[in-house]
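Participant: Here is how the chains run, residue by residue.
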Amino acid sequence: AQSVTQLGSHVSVSEGALVLLRCNYSSSVPPYLFWYVQYPNQGLQLLLKYTSAATLVKGINGFEAEFKKSETSFHLTKPSAHMSDAAEYFCAASEGGGNKLTFGTGTQLKVEL
Amino acid sequence: SAVISQKPSRDICQRGTSLTIQCQVDSQVTMMFWYRQQPGQSLTLIATANQGSEATYESGFVIDKFPISRPNLTFSTLTVSNMSPEDSSIYLCSVDKGLDTGELFFGEGSRLTVL
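From first to last, the protein sequence lines are chains C and Z. Once you know that position 13 of the first sequence is 13 in the working numbering, the rest is easy, because the numbers rise by one and skip nothing. To get the working numbering, take the position in the second sequence, counting from 1, and add 113.
Derived by calculation from the structure, the hints in this document are not laboratory data. If you're wondering where the values come from, they're calculated on a predicted model, not measured in any experiment. A virtual CB, placed ideally from N, CA and C, is assigned to each residue, including glycine. There could be a bad hint or two in this list.
Unchecked claim - The calculated lysine to any residue pairs, modelled on SDA-like cross-linking and capped at a C-alpha distance of 25 Å, are:
id, chain 1, residue 1, chain 2, residue 2
1, C, Lys49, Z, Met144
2, C, Lys100, C, Val13
3, Z, Lys210, C, Asn61
Stated by the list, open to error - Far from chain Z, some chain C residues (derived; all Cβ distances over 12 Å):
id, residue
4, Ser70
5, Thr72
6, Lys100
Please model the complete structure; the sequences and the hints are all you need to start from.
Facilitator: Now the structure itself:
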């Protein structure tokens, strides 16, 4: 069975600072990995996904994530935070592909002036 | 993409009652998924609803507690039956793009509080 762990339920950064949201997975087969974002009072939307092609994946709004098999990680980064990035971010995995996703517990990102 | 509307967006319910959540999609989709997001926890898949067949429930979820209807390719309902305070959660409807890639579209969720 697979699991997804997000370290840090709350992360606070200054505007313009680096954003780093951590995600580790455990899976018996190569997973597909995803980052979803949920803005206040909205549904989740896909930020980016890894599907066994390039290990560095670029998504919307300047976010990117790197798949590191040796570390079983898929951390999300953005070089410079913007106030509009404040949201909850969910890492998810799909074992071998498919639509049955296992989600992490989410990380609330706060961006301060 | 897909636009998903859920009703109600939030409700406060009494213990022992049942509530039906509706999910409407702006395009035909094969599979619809119902998730639960309990306070401070991750999203958990309740069941997968296919049109024309019974829903497939995940471990720990049963049809008697969470009956699901899927009358057509754009609509589904989830009922939370005989509610208790432990059922207080956000319930989310989602659909895929039909490509089986894990790219899901989500509704805004229905926030239920059971007193």
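Participant: Let me make sure I understand: some of the numbered hints might not hold for this structure. Which ones are they, in numerical order?
Facilitator: 2, 6
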